[in-house]
Amino acid sequence: MSKTRNWKRLITGALVGLSALATCGSTLSFYEESLPTTLNPLYAASMVDHRVNELVFDRLYYHDPITNELASRLVTQWELVEQGKAVRLTLRKDIKWQDGKNFRADDVCFTVRAMLDPGTTSPIAEGYRSVFTGCEVEGKDQAIVRFTKIFHNPLNRLGFYVLPQHRFDGDAVPPDHDFSSHPTGTGPASGNLGSKQVNFQGIQNSHHQPSIAQLSLLEAQDPLVQVKTLLNNGVQGIIAVPPPYRAEVSTSDDMSLKGYDLRSWWFIAADQTKPFLKDKKVRQAINLLLDRTDLRQLSIGVKPGEQNSPCEFISGPFVQASPYYNHDVPVSARSDKDRALALLTEAGLTDVGGRWHYNGAPITLRIGMKAALDNEAPDLLSQIGNQLGQAGFDRQTYKLSEDEWNTQAITGQLSENYDLLIGKWSFGLVEDVNALFHTRRDGRGSKNIFNYSNPQVDALLAQYESAKTDTQARDAYHKLHSMLAEDLPYLFLWKLDTKSAWRTDVRGTTIAPYYYWTEIDNWKYGG
Amino acid sequence: MTRGRWLLALLALVFAASWVVPGFFAEPHLPDPDLMKRLAPPSEMPPFGADDRGRPLLNYALQGAQVVGIPALVAGLLVALLGVVGGLLATVGGGRVEGAVAAVGELLGALPRMVVVLVVALLVPRDARGLMPIALTWAILAAPGAMDEAAAVAGRLGGAAFVEALRAHGFSRSRILLYHVVGLNLRPVVVRQGAETMMQVVFLEIALSYLAIAERQGSFTHSDDIHSWASLLDLGYKVVLDLPSWHALGLGLGLIAMVAVTAVTASAAARAR
Amino acid sequence: MAADGARQWWIRPAIRLGAAALLPVAVPAVITGLIWALPGDPASLICPPEICSGTEQLAARWNLDQGPVHFFLSWLSDAASGDFGKSWRIQQGSPVTPLLLTAIPHTAALVGLALSLLLAGALGAATRVLPARADSLLSAVGLIPTVVMSLAAAAAVSINYGASAFDAEAVRVKILLGALALGLADSALAGAARGVRSIFESERQRRYVQMGILRGEGVLSNAWPNAAPAIAGQMRARTLHLLSGAVVVEVVLQIEGLGDLLWSGTLAQDFGVVLAATFGFALLSGSLLLAQAAVEIAVAMHVRRSPPVREVAA
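Protein chains in written order, with my numbering: chain F, 636 to 1162; chain U, 908 to 1180; chain L, 211 to 524.
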């Protein structure tokens, strides 16, 4: 019997290997914003990492980019058990890992255990520790995943990538495991992390039939070089084309711009612990001093009144197309210097020699921005500085590296260094902003930049979390929008569309919101 | 000939002043863009034209001068001084001291300079970020080479034997060391080394500024409010990509030429007898 | 005095040889101290303590929890057996040794080609095959910073090779273009030619050389022993300068070399990669020291073998 099994394994492995060759022979090359830092989904730190994960792995559940429905390529059936605190998943029997081994319930439970294991030193895993308590295998193809509490939308919590148990010696998944550069997934392509590029091989499986045999990810260079290379057919796509270069792409017959729904919105976080920013009136005044129309025109190139603008102003922490956006809260498109002046005076600031002073001391605003954002909105930092400078605030501007942003800004450690921080958040279809605004306590508010704390906001966020229906969730967030627009822990700027450029001979390019490559099976190139 | 040397030295000073002094007049921030004047040539926006956002390139030139001016000169002077020390040690015949200095020099000279420079740049607090610590670090790392060469020149003179021979002619030790050794023999070497280091610091700043942009970091060499000459050259090189930015390239290379001319003139002045 | 000088000729070369032997350990030790001083630490970068509870565990896994000396000694003992560990950040999970084995030949080729250019220029200047008036042209070309030349080269390679920019042929082209940039830009070639020319011109003025010329001997053969140590020192300094410039060239041209590893590794605080690359760098620097010591020893031997000066009777 065991000999038969061995032969079966051998044949299956050979078939999986051969199937990698069965797809079309062309390589689809594209520029990404940067190289991925890791191919291990538990240590994904950037949007590039998340996009690459989508090629190599499958999420247990995902939102279909066309229908928006929750779907799964791995699960055939699910049911709530244990009074709603667990879910039993029945998995597909015919799925293989990219190395030919069978995908089983053990792998799902291993992934949950890995996330719960303290030896997995991953912020992503840390986040799941408040969601799961464990997992139990029932037979080869059934797993019971247990939650910490009853969630009204439990499948939404199962959007994690499944990892193969057979690649690891124990439950802990450290970041420097070989898996991080040579992973094994069930996704449509296998990948290997190189120092200058990442190469992917299309893998045929029962649930994936990619038409493209090979993909090659290259690190973005100067945007002009990227566009020229694309024009020259040196590469076939650019994931994110900065706004100043979109015109050149769209005028070419060989290339087309495609929307990439990232639900990104830009903001300026204000540090309310600073004495001169503590008073809401000062924040409101600064908000009114900013002329968003001018900022948008000069940095992104959108003229006032332009139709189909890729850049839409917002007044709260959602994009206007979001069901959570409160359209009753108006945007502040133009500056209102008179009102701003009145507010500043009411707040006790004094204008001495054209400079604002607080308690007799001149105010110098320290404004930081993530350096990588300069590509999308050139000189935004200096223009905001200039507008505030013209209004009487002295300022110093700083650019932050990715590491500084991820490890210090998001974790609330930059209060001493900066007064204002310009950034961008991106969301998938689930726009959960709780982590941005909740008081940083007991694992909540993990992305609260300046440790903003408002009990009323916390209450609204709790309302959202405990909502049993979409309407309840929406109501909570509508109120949140209104409250934040008044309290202004952030000065909300705009939503900026992300556009990809693909050569027209790349067909069937369905780009999934946030994850990008969810529908890569339908893409066609060459052949 | 003495007059010629002094004239060259004066010229070197004038050239140095031409790219150092304007830095004191740099504005602390760039003006807002004027997209209608994007890449305007000098004829439309004198004296140097505009960048790709319509801002005057003059601002870049002045801010860049502010960034590199004093640090480059200080680094050059430091290397020249350390070169003198190296040459004097070889002449005085310090034995163990010379040996110890040589050993430390070998280690310093063998360190990967860009890593050391990068670490120094990252250690400097953001508010104090500037080129001076990097320039001084570069000078210290480059000094062993200068000291080596100066020591070799002093060695060719005869080292301590040379000093003793001149002492026999009745010259004082200090005159021998300062005039005969340093003034007549080490001068061309140490001034050339100092001038080369000055140029290297300018090139280093341009490289570091570009690398900071490429690595999506804040600037290593200056505050993020201002721009260095690297921005001019980053815009200028795009002529190879059909961007009409010749004026930016010309200005950037012209500024570097001013530094180079300073270095060459100073070296020539040092060689002249 | 001459006897003292004769006895002491070996001191400098001995120091260089000793340094060359120590560099592969000493340089990584110094760099460990430097990168340890950087704000933050690698464990916190991956697992920030504010949002991740495993920071200390990760620090312990990577020997970061007991100070730089402990870390360095652990690294050294592993490195002695050829294990340079794994990359923590720039190519997470990949063993460092293959990265190093790929990087060293690339950097050696890049710097070697650039150095050949410099040596050719130096030799030309010494023999006056390269006329003095060529210095102005070289200086003019040398005004272009390495980063600008490299950017132009990188743009050309990207546009023409596109996704094949990392294939063998494209890598060779990049190394060639990078070597040209390294050798010509930043006044490298101009400085080498000028520096050597000034040494030889100064030697040509000396009486012993002029006497040699009158005897029908060549300038080079007479001046070389005297000039060699200074030129060796200069060339070593220029080579080290090329190694620094190689960082810029490799990063801009995306060449997988030691400089690129050092730069990205330092920024990302990938200690394993930085120390391994530093080790590779120290080997290259050590070989330069060996070469310089060899020149000094050869010159000293030549001097000792030369016919002794006879004292003229009064």
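Source of the hints: derived by calculation from the structure; they are not laboratory data.
In this text, a Cβ means the ideal position worked out from N, Cα and C, and glycines have one as well.
Certain hints may be false.
To be verified - In silico BS3-like links for lysine-lysine, alpha-carbon gap of 25 Å or less:
1) F:Lys916 / U:Lys944
2) F:Lys1059 / F:Lys909
3) U:Lys944 / F:Lys1103
4) F:Lys1159 / F:Lys731
5) F:Lys731 / F:Lys913
6) F:Lys938 / F:Lys909
As the list claims (entries may be wrong) - Not close to chain F: a few residues of chain U, all C-beta gaps over 12 Å, as computed:
7) Ala916
8) Leu937
9) Pro949
10) Leu1160
Each hint, compared with the structure:
For the hint linking Lys916 of chain F to Lys944 of chain U, the alpha-carbon distance of about 38 Å lies beyond 25 Å, and the restraint is violated. Using a Cα cut-off of 25 Å, the hinted pair Lys1059 of chain F and Lys909 of chain F holds, with the two alpha carbons roughly 22 Å apart. Only pairs whose Cα atoms come within 25 Å are accepted, and Lys944 of chain U paired with Lys1103 of chain F is rejected, the gap being roughly 56 Å. Restraint check for Lys1159 of chain F and Lys731 of chain F: the C-alpha separation of about 23 Å stays at or below 25 Å, so the hint holds.
A distance of roughly 57 Å separates the Cα atoms of Lys731 of chain F and Lys913 of chain F; the hinted pair therefore is violated under the 25 Å criterion. Between Lys938 of chain F and Lys909 of chain F the CA atoms are separated by roughly 35 Å; this puts the pair beyond 25 Å, and the hint is violated. With a minimum CB-CB distance of about 40 Å to chain F, Ala916 of chain U clears the 12 Å threshold, and the non-interface call stands. A Cβ of chain F approaches the Cβ of Leu937 of chain U within 12 Å, the least distance being about 6 Å, so the stated non-interface status is violated.
Every Cβ of chain F is farther than 12 Å from the Cβ of Pro949 of chain U; the closest lies at roughly 22 Å, confirming the non-interface assignment. With a minimum CB-CB distance of about 19 Å to chain F, Leu1160 of chain U clears the 12 Å threshold, and the non-interface call stands.
Of the numbered hints stated above, those contradicted by the structure are hints 1, 3, 5, 6, 8, listed in ascending order.
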